[in-house]
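Participant: When you get a sec, could you build the whole thing from the sequences and use the hints?
The chain contents come next:
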Amino acid sequence: MSKLSKEDVLHIAKLSKLRLSNAEVEKFRGQLSSVLEYVGELSKVDTKGVDATAQVTGLTNIFDDDKISGERTSYEEIKLNAPEFEENAFKVPGVFDNN
Amino acid sequence: MADQNSKLYQLTLKKASEKLKSGEISSLDLTKAVFERIETVEPKVGAFITLTKELALKQAKESDKRRVAEKTLSEIDGIPIAVKDLFCTKDVRTTAASKILDDFIPTFESTATQKLWDAGAVLIGKTNCDQFAMGSSTETSAYKETKNPWDLKRVPGGSSGGSAAAVSADMCMAALGTDTGGSIRQPASLCSIVGLKPTYGRVSRYGVIAMASSLDCIGPMTKTVEDAAILLNILAGEDESDGTTLPIAVPDYQKSLDGNIKGLKIGIPKEFFGEGMDPEVDKIVREGISKLKNLGANIVEVSLPTVKYALAVYYVIMPAEVASNLARYDGVRYGHSKAKSEKRKAKSLEELYIDSRTEGFGDEAKRRIMLGNYVLSSGYYDAYYKKAQQVRTLVKRDFEEAFRKVDILATPVSPTAAFKFGEKSGSPLEMYLSDIHTVPINPAGVPAISVPAGFTSNNLPVGMQLIAPQMGEEKLLNVANQFEKIAGITNIKPEL
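Each protein sequence line maps, in turn, to chains A and B. Quick note: the first sequence, position 94, residue 94 per full-length UniProt numbering, numbers continuous. Quick note: the second sequence, position 50, residue 50 per full-length UniProt numbering, numbers continuous.
Each hint should be verified, as a subset may be incorrect.
Simulated coverage check for chain A against chain B, where a stretch passes if three residues somewhere in it have a Cβ under 8 angstroms from a Cβ of chain B [to be verified]:
1) 23-37
2) 49-59
3) 63-74
4) 77-89
In short, the hints are calculated from the structure, not lab data. From the three backbone atoms N, C-alpha and C, an ideal C-beta is built for every residue, glycine too.
Facilitator: Laid out in structure tokens, this is it:
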């Protein structure tokens, strides 16, 4: 289970929206496999009936009124960091390939 | 006067604050002295990504004006502080030591830094760190190597290596760091300073670039335990912008420093003194524990049997959260993007995402994103992610069980002193194993502190880790302060 194939690496790269060279596929295959082998240790622990912990201090959901609080970031400010910004909107290429 | 100024940078936050209060020095004197120090030693150390001298001098002058008008804001008014480049600072470039945020200038301020400025602190600059706080040596920074001030051939630790080096080399009075699996405590240990990771949720994470949200903590990195208490007083508290902050009143941590520790039970978890420990580090930590015994503490051996799985828990949960948190870097709203590239513009949205992320992220970020997406992917979720969350429960219970028997746990911070550049960067797993003693604390959400304990025969610093139950910061700081006094090495500085 812990030894990744080349196809596994390409699949998780795709899920991660990353492009890998052939050399990188090999490099990450080895490195990620050794980490997965290490974390595979967890299968030895008996966790029958044990709840999962996601929030460690025991706080539960906190709800806010549906009101805008504080200052709103201005379009001018947003534009400062935006790669492409037009008419108060982020500009991106089409969802589908334009070719 | 010049001679006196040249030593101002060595002051602790507390001492500097007293001298400001008495009128002996001004914030401008102090800030200028710190920048003179930076000019001398920063070329050797490389602790900062961005220096904010102009802003600092302005803030210092404003602080001095407030003092004259008797409108001083707090004990840290006018004190020069460095901030890890993971905290968003309004109008000041914030990179997370990554290329994907190379030109990012936040339009908002993190709660932690806002609290510092509201208290009158002076921003010296933004410190280097591992990229997105992922690493234990600051070597994954996309910008520069930060050298350990005690041995320039060695790493300062990480991920808050720049903050640790800056405090250690007297380039600021104190610094802020973040700690997801040891990123405050391990560099503090390797650089002979104090590093405090508070209880999860004690300090707001709002505006701090997220790594693993169920583990990330923010804390002070200081010259003394007392300075850490002063900063925690300012940083701690509920924040409506961070739903995980605890709705519990903040005590005056400075008042907890001088309690008698006679009869206090200090647990020594045997699992933290096993294989892979450098014998010199082991000896220094054990000597440290003897010193606590000499102060009247009862030393009790305890066992946390599930802790040996904590690093495995961490390397499932952390990458899973990283994969989610770093999905936001897509080249659309900010950061490195192929949308504006003249040369080869992305043709589709998918290509924009892939090109921007592939170019913008370093290898360590890519590794963790891919690992996270693997453990979360269909077919593996139960075997890895859910399993890790269940074992996390057992790790947390181990700590709860131990704290039914003892007040504080004492352990090493890191199995070795500072290592050399490149020594571990070739093998991610080996680098991950260097966090074996700091990582278990984060899944359990408990507070822990690294306090300087001694030096190896190579004159490399070694820290001791003290751990308290959740919300046990007062007891933790008290024991740490007593230990710091008896260890008596606070004034030993690196030669630069």
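Participant: Indicate, hint by hint, whether the structure satisfies it.
Facilitator: Here is how each hint holds up against the structure:
1. Residue count for the region 23-37 of chain A with a Cβ under 8 angstroms from a Cβ of chain B: 6. That meets the three needed, and the coverage hint holds.
2. By the rule of at least three residues with a Cβ nearer than 8 angstroms to a Cβ of chain B, the coverage given for the region 49-59 of chain A holds, with 9 such residues.
3. Only residues whose C-beta sits within less than 8 angstroms of a C-beta in chain B count toward coverage, and the region 63-74 of chain A has 3 of them, enough to reach three; the restraint holds.
4. Here the region 77-89 of chain A counts 7 residues with a CB under 8 angstroms from a CB of chain B, which clears the bar of 3, and the coverage holds.
Figure legend: structure checked against the earlier numbered hints; every hint is met.
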